[in-house]
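Colleague: Read off the chains here:
2 protein chains.
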Amino acid sequence: MKATIYISLKNGVLDPQGKAIENALGQLGFEGVDNVRQGKMIELDLADTDAADARNRLEAMCEKLLANTVIENFEIHLNDAE
Amino acid sequence: MKATIYISLKNGVLDPQGKAIENALGQLGFEGVDNVRQGKMIELDLADTDAADARNRLEAMCEKLLANTVIENFEIHLNDAE
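Here the protein sequences come in this chain order: A and B.
Numbering follows the working numbering, with no gaps: position 12 of the first sequence is 12.
Numbering follows the working numbering, with no gaps: position 43 of the second sequence is 43.
Next up, chain A with everything else stripped away, as it sits in the complex:
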């Protein structure tokens, strides 16, 4: 089963990387770009066949390793196609 995890900074947490992108876009002449936030996307294959199990395991992975839940939110998407 394929899964994608989206990890983004919580609202209110400063995002210097996003700010740098915003400034760079401005310097390149792209106007009207605002509130740039950079996050992470992690794609992976899981051996699980049960969607609920897979989701539980992915949540545990996010909490233990992938996301810093103090400052980051995560969102899990399962592609059950397989």
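No lab work stands behind these hints, which were simulated from the structure alone.
Treat the hints loosely; a few may be bogus.
[To be verified] The calculated label-pair distances, taken between Cβ atoms and stated as ranges, are:
1. B:L65 <-> A:T49: 25 to 33 Å
2. B:E72 <-> A:N79: 15 to 23 Å
3. A:V70 <-> B:D53: 34 to 42 Å
4. A:P16 <-> B:Q17: 15 to 23 Å
5. A:D80 <-> B:L28: 21 to 29 Å
6. B:N23 <-> A:T69: 30 to 38 Å
7. B:A47 <-> A:E63: 34 to 42 Å
8. A:T69 <-> B:A20: 14 to 22 Å
9. B:A47 <-> A:D50: 42 to 50 Å
10. B:A20 <-> A:L28: 25 to 33 Å
11. A:E72 <-> B:N79: 16 to 24 Å
12. A:E63 <-> B:L65: 31 to 39 Å
[To be verified] Listed below are the simulated DSSO-like cross-link pairs for lysine-lysine, each with C-alpha atoms no more than 30 Å apart in a straight line:
13. A:K40 <-> A:K10
14. A:K64 <-> B:K10
15. A:K10 <-> B:K10
16. A:K2 <-> B:K19
17. A:K64 <-> B:K40
18. A:K40 <-> B:K10
19. A:K10 <-> B:K64
20. B:K19 <-> A:K40
21. A:K10 <-> B:K40
22. A:K2 <-> B:K40
23. A:K19 <-> A:K64
24. B:K40 <-> B:K19
25. B:K40 <-> B:K2
26. B:K2 <-> A:K2
27. A:K64 <-> B:K64
28. A:K64 <-> B:K19
29. A:K10 <-> B:K2
30. A:K40 <-> A:K19
31. B:K19 <-> A:K19
32. B:K64 <-> B:K10
[Claimed, not checked] If you want the footprint, here are the derived chain B segments under chain A, 3+ residues with CB under 8 Å:
33. 20 to 27
34. 34 to 44
35. 52 to 66
Glycine is no exception: its CB is placed at the ideal position from the N, C-alpha and C atoms.
Add chain B to chain A, keeping to what the hints say.
Modeller: Using the frame of chain A, we list chain B on its own:
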């Protein structure tokens, strides 16, 4: 208009960061995790009101700054809700 850009490594491009995550998950006891790939997600607000214009501008931003199109693919999602 809000937009999200997903940037991922092309197939065949080595992803040492993904590999590191895969190994770390294995060491934490998460089994059956494979093909971990790490990508980026960029969220931003655009002043554009026309979806086609916005998409063109975002493509230009990806090609000029946000993505390295030699080794990365990008995918643009517009949230027209606003």
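Colleague: A separate judgement is required for each hint: does it hold in the structure or not?
Modeller: A quick look at each hint next to the structure:
no. : hint                        : verdict
1   : B:L65 <-> A:T49: 25 to 33 Å : violated (41 Å)
2   : B:E72 <-> A:N79: 15 to 23 Å : holds (21 Å)
3   : A:V70 <-> B:D53: 34 to 42 Å : holds (39 Å)
4   : A:P16 <-> B:Q17: 15 to 23 Å : holds (20 Å)
5   : A:D80 <-> B:L28: 21 to 29 Å : holds (25 Å)
6   : B:N23 <-> A:T69: 30 to 38 Å : violated (22 Å)
7   : B:A47 <-> A:E63: 34 to 42 Å : holds (37 Å)
8   : A:T69 <-> B:A20: 14 to 22 Å : holds (20 Å)
9   : B:A47 <-> A:D50: 42 to 50 Å : holds (45 Å)
10  : B:A20 <-> A:L28: 25 to 33 Å : holds (32 Å)
11  : A:E72 <-> B:N79: 16 to 24 Å : holds (21 Å)
12  : A:E63 <-> B:L65: 31 to 39 Å : holds (33 Å)
13  : A:K40 <-> A:K10             : holds (13 Å)
14  : A:K64 <-> B:K10             : holds (28 Å)
15  : A:K10 <-> B:K10             : holds (28 Å)
16  : A:K2 <-> B:K19              : holds (16 Å)
17  : A:K64 <-> B:K40             : holds (20 Å)
18  : A:K40 <-> B:K10             : holds (16 Å)
19  : A:K10 <-> B:K64             : holds (28 Å)
20  : B:K19 <-> A:K40             : holds (15 Å)
21  : A:K10 <-> B:K40             : holds (16 Å)
22  : A:K2 <-> B:K40              : holds (18 Å)
23  : A:K19 <-> A:K64             : holds (28 Å)
24  : B:K40 <-> B:K19             : holds (16 Å)
25  : B:K40 <-> B:K2              : holds (17 Å)
26  : B:K2 <-> A:K2               : holds (27 Å)
27  : A:K64 <-> B:K64             : violated (36 Å)
28  : A:K64 <-> B:K19             : holds (17 Å)
29  : A:K10 <-> B:K2              : holds (17 Å)
30  : A:K40 <-> A:K19             : holds (16 Å)
31  : B:K19 <-> A:K19             : holds (28 Å)
32  : B:K64 <-> B:K10             : holds (18 Å)
33  : 20 to 27                    : holds (count 4)
34  : 34 to 44                    : holds (count 11)
35  : 52 to 66                    : holds (count 6)
The structure fails to meet hints 1, 6 and 27 from the earlier list, while all remaining hints are met.
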